[in-house]
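Visitor: One-letter residues, chain by chain:
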Amino acid sequence: MDKYLEMIRIRFLMMLAYRTNYYTGILIYCINIGAYYFLWSAIYSGKSAIQGMSIEQMTTYVAVSWMARAFYFNNIDREIAMEIKEGKVAVELIRPYSYLGMKTMQGLGEGVFRLFFLSFPGVVITSLLFPLHFSSDIRTWGYFALSIMLSFVINSQLNLLAGVVTFFTLNNEGLLRAKRFVIDLFSGLILPISFYPHWAQEVMKYFPFQAISYIPSMIFTESFHGKAVIDGLLFQLMWSIILLLPLQLLWKAAKKRLVVQGG
Amino acid sequence: MFYVSVFFQYMAQYMKTKLQYRADLFVEFLSDLMFQSVNLIFILVVFGHTTLLHGWTRDEMIFIYGFFLVPFALFGAFFNIWDFNERYIVRGEMDRVLTRPVHSLFQVILERMELESLVGGVTGLIIMGDASARLHLEFHWYDFFLFLLFALGGMLVYAGVFISLATISFWSDARSSIMPMMYNISNYGRYPIDIYNRVIRYILTWILPFAFVGVYPSAYFLGKKEWYSYAFLTPIMGVIFFMIAIMLWNKGIKHYRGAGN
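Respectively, the protein sequence lines represent chains V and D.
Numbered according to my numbering, the first sequence spans residues 1 to 263.
Numbered according to my numbering, the second sequence spans residues 1 to 261.
Read the hints as simulated data drawn from the structure, not as lab findings.
Careful: at least some of the hints might be erroneous.
Unchecked claim - Partial chain D-side listing against chain V, Cβ under 10 Å, derived:
#, residue
1, PHE26
2, PHE35
3, LEU52
4, ASN187
Said to hold, decoys possible - Derived SDA-like pairs: lysine to any residue, alpha-carbon spacing no greater than 20 Å straight-line:
#, chain 1, residue 1, chain 2, residue 2
5, V, LYS47, D, LEU44
6, V, LYS252, V, VAL112
7, V, LYS85, D, ASP83
8, V, LYS47, D, SER104
9, V, LYS85, D, LEU44
10, D, LYS18, V, GLU173
11, V, LYS85, D, ARG87
12, V, LYS47, D, THR50
13, V, LYS179, D, PHE35
14, D, LYS254, D, SER104
15, V, LYS179, D, LEU30
16, D, LYS18, D, GLU114
17, V, LYS85, D, THR57
18, V, LYS179, D, MET34
19, V, LYS205, V, LEU234
20, V, LYS88, D, ARG91
21, V, LYS252, V, LEU93
22, V, LYS179, D, ASP24
23, V, LYS85, D, ALA23
24, V, LYS205, V, GLU173
25, D, LYS224, D, ARG134
26, V, LYS252, V, GLU92
27, V, LYS47, D, SER31
28, D, LYS254, D, THR57
29, V, LYS85, D, ARG91
30, V, LYS179, D, SER31
31, V, LYS3, V, VAL112
32, V, LYS179, D, ILE41
33, D, LYS16, V, GLU173
To be verified - Where chain D lies over chain V, by a calculated footprint (3+ residues, C-beta under 8 Å):
#, stretch
34, 20-31
35, 36-43
36, 46-60
37, 182-194
Just so it is clear, CB atoms sit at the ideal spot from N, CA and C, and this is done for glycine as well.
Chain D extracted, bound-state conformation (with noise of 0.2 Å):
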């Protein structure tokens, strides 16, 4: 109950200082519409030159992409922890939140918070419709608890990664640039995973399992048989690397000593 409390009170807050900068937060909106579009007309001019991509359909592509920007903006507001290493390792930010009472992750993720990035899951929510519209996809009634089952899955997988890569910077606190570069990784997952060679698939699958966020889960209700039971593993994928994410925290906390001032 006082974890609940105190994540409406950090949200308020943010609030507060969102709209202090108001235009801002407009253009903000706008290149995060962008940022999506980017992609969305990767996809759209690619397959004005071919209509197949390994068997899946251009309306296909589009849905897996409007589907992975659910679970996505969910991660962006919520685990925006790209620069910890810097805010909170070398300016040593981090003694103060380990004063405080509630863990150590929870307050730093809400310090983090970035609400607006939410407006992406509806444009995914969108787009997916649009795609879903053109295909002529039926949907059950259960098919609604089993896409926030997925979309929440597929945040978690990329929570996962991203703070275990975050907790580097306990035992080492220099800089480094594994972030971006896991960023470029995460985007394979957006496309068939047929596409890729074994060495490849394996380690989607497996090790950085970008493919529960896009690819696995859009199969699901794309109807492909072949990949049912992967994209039900979703969940249980996002819960596993959650779980080994807050493990190595834990452990890398008790490692930590301050650097800053």
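Next comes chain V alone, as it looks inside the complex (with noise of 0.2 Å):
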């Protein structure tokens, strides 16, 4: 366990160093989050609701994906193409822990970094210029916090499913952009799930992706209340151990494949 923890620290403080990559990195959430308020104010002129959510809590749903994106985004999907590109897996393979559990400590890292250096003083910083609404429920933040924990996790998952795909195809950049578009569009990210026509949403609750976005920011715009919420949470839950097996199939069928390019 102590090795994880310690994965977790070594990523943080090499985050820790490259420090303009922080202030460009809230500016750059600022930036997204002003171009969204304005669009939605452009959408919802003279409209009080759409879908059952008002501008105000549509900015803070806008500005909450983002934050949160901040915490379960990372690119270990990448970074395993390229461990498996460069021949860097073959070492790694032999290190005494899991490989597939180091990359995601190492996200997790990461995920803390941002967290506390970026999406804290975004949200401060974006509170200030638009309009947003934070709920004063501490059961809010609780099942918020509980839910971005779930994202992070499936997110993780299909970053590993992902990154380990290119052990059969050795180059995948073009299946990690297209999975990046994938989670962007059909998380919510961009759009609350509840925006799309009736039969994409039918379509999108048979697979994994808004539990990443949707339901976390959902959650704290309290647009989702009592049994969604819990729904919303054993949703996440469901997809994070179902997503288990095809990872553990995957992962066993790939070390068998495993071919050194270089290295």
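Two independent chains are provided; combine them into the complex using the hints.
Guide: Written as structure tokens, this is what we have:
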């Protein structure tokens, strides 16, 4: 266990080393949220609510989605692909820890760093610039915390899956990019799932994507009430367990097929 | 003439390397298509809940987006310098480039060519064609040339801004994430400029003129007379910003000291 905690700490310190990155990081998030704020204001003009969400809830939704993304987002899929291409993965595999577990911990270290140095200051700045609404109910915050932890788990599992596919394809830049767009679109990051046409919502129920962004953001903006919150959390929990299976199977097959291209 | 032949030789070389990973090239096309549809789906879904966006209709928004894809694809194909700092400065590749007998910027651009991005331009044309059919737009014979001029102007605006940013690496070789930030700002230029407040509108017109890549030139084809003067400024802004970028580059090169091995 200690070595995994150490991984989180090292990655956290690594992130700290590139200081300009987090100043610009905060700016990026503010600019992004700003763009969506103006766009949504124009979309809402004259309407008090769309799909049961007020403009204030919508702005908060956008802000929280992006801030939560800072926490669950990581590049471990790219790192795995890179390590396979450069042949470093052979060395990683003989080390006394689980490779996938270690990658997840590195992702967590990154997430914790971004949460404290990017999300929190970012939220403070955006709340000064744009009208955001924060709940005063402590339970909402608790559910939200639980929910973004599960978002991290599910997103990391999908990243690991995409990364492990590199063992078979050797060069999968395109696949990694495609995965990113699918997640941006179907996780509810740029559009709440409730805005999609009915048939699309039905289809999305069968995929894990909305567990990544839509559910935590809806919980935070209190657009979900009572049973919907619990259902959302259970949906997340279910997927984080289901995804373990393909991950294990793929990983087993991948280790057998390892081709080291260099290194 | 020499530059033209170098260009074509690089192009041939490029094709060969790309065809090595054929399956990946296919997936790359698909992922490009997905990237383009993300924004399109956004527009479509949003207009399921509203009919006008500050007086702009859904099809007009789609037209702007389609237009934007063309200069953006040209930029992506020929000015793909996102990782300039990492590749050329941090790893010291710039030293190699400087020993060659062609202009260093030309050389860097050729090495980083990504011709498959041009597919995005084709998607853009299709989207634009579809939108203009539904809007019953009428085109004149000279509109074709104006379109070319505007698309090239938009590409130069993009190239100018991003090359200028890349030159920062000559003075400071620290890693930074300015590039993705600029990418986010450039997204603003795709939406009707009048939805933003005055400060942002000013910035998008004169300082980081991304509005010239999307909304301004499109306004001409959409017959929005109040924006015509801005539309015709597009190629001029492109040339000005590209010239500034080259000047900065030439200045930066003199300042450059090798960092790698």
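Visitor: Decide, hint by hint, whether the structure agrees.
Guide: So, going through the hints one by one against the coordinates:
{"no.": "1", "hint": "PHE26", "in the structure": "8 Å, holds"}
{"no.": "2", "hint": "PHE35", "in the structure": "5 Å, holds"}
{"no.": "3", "hint": "LEU52", "in the structure": "9 Å, holds"}
{"no.": "4", "hint": "ASN187", "in the structure": "6 Å, holds"}
{"no.": "5", "hint": "LYS47(V) / LEU44(D)", "in the structure": "18 Å, holds"}
{"no.": "6", "hint": "LYS252(V) / VAL112(V)", "in the structure": "29 Å, violated"}
{"no.": "7", "hint": "LYS85(V) / ASP83(D)", "in the structure": "18 Å, holds"}
{"no.": "8", "hint": "LYS47(V) / SER104(D)", "in the structure": "54 Å, violated"}
{"no.": "9", "hint": "LYS85(V) / LEU44(D)", "in the structure": "39 Å, violated"}
{"no.": "10", "hint": "LYS18(D) / GLU173(V)", "in the structure": "13 Å, holds"}
{"no.": "11", "hint": "LYS85(V) / ARG87(D)", "in the structure": "17 Å, holds"}
{"no.": "12", "hint": "LYS47(V) / THR50(D)", "in the structure": "9 Å, holds"}
{"no.": "13", "hint": "LYS179(V) / PHE35(D)", "in the structure": "10 Å, holds"}
{"no.": "14", "hint": "LYS254(D) / SER104(D)", "in the structure": "11 Å, holds"}
{"no.": "15", "hint": "LYS179(V) / LEU30(D)", "in the structure": "11 Å, holds"}
{"no.": "16", "hint": "LYS18(D) / GLU114(D)", "in the structure": "9 Å, holds"}
{"no.": "17", "hint": "LYS85(V) / THR57(D)", "in the structure": "47 Å, violated"}
{"no.": "18", "hint": "LYS179(V) / MET34(D)", "in the structure": "10 Å, holds"}
{"no.": "19", "hint": "LYS205(V) / LEU234(V)", "in the structure": "13 Å, holds"}
{"no.": "20", "hint": "LYS88(V) / ARG91(D)", "in the structure": "19 Å, holds"}
{"no.": "21", "hint": "LYS252(V) / LEU93(V)", "in the structure": "12 Å, holds"}
{"no.": "22", "hint": "LYS179(V) / ASP24(D)", "in the structure": "14 Å, holds"}
{"no.": "23", "hint": "LYS85(V) / ALA23(D)", "in the structure": "16 Å, holds"}
{"no.": "24", "hint": "LYS205(V) / GLU173(V)", "in the structure": "28 Å, violated"}
{"no.": "25", "hint": "LYS224(D) / ARG134(D)", "in the structure": "17 Å, holds"}
{"no.": "26", "hint": "LYS252(V) / GLU92(V)", "in the structure": "15 Å, holds"}
{"no.": "27", "hint": "LYS47(V) / SER31(D)", "in the structure": "35 Å, violated"}
{"no.": "28", "hint": "LYS254(D) / THR57(D)", "in the structure": "50 Å, violated"}
{"no.": "29", "hint": "LYS85(V) / ARG91(D)", "in the structure": "18 Å, holds"}
{"no.": "30", "hint": "LYS179(V) / SER31(D)", "in the structure": "8 Å, holds"}
{"no.": "31", "hint": "LYS3(V) / VAL112(V)", "in the structure": "17 Å, holds"}
{"no.": "32", "hint": "LYS179(V) / ILE41(D)", "in the structure": "16 Å, holds"}
{"no.": "33", "hint": "LYS16(D) / GLU173(V)", "in the structure": "18 Å, holds"}
{"no.": "34", "hint": "20-31", "in the structure": "holds (count 7)"}
{"no.": "35", "hint": "36-43", "in the structure": "holds (count 5)"}
{"no.": "36", "hint": "46-60", "in the structure": "holds (count 3)"}
{"no.": "37", "hint": "182-194", "in the structure": "holds (count 5)"}
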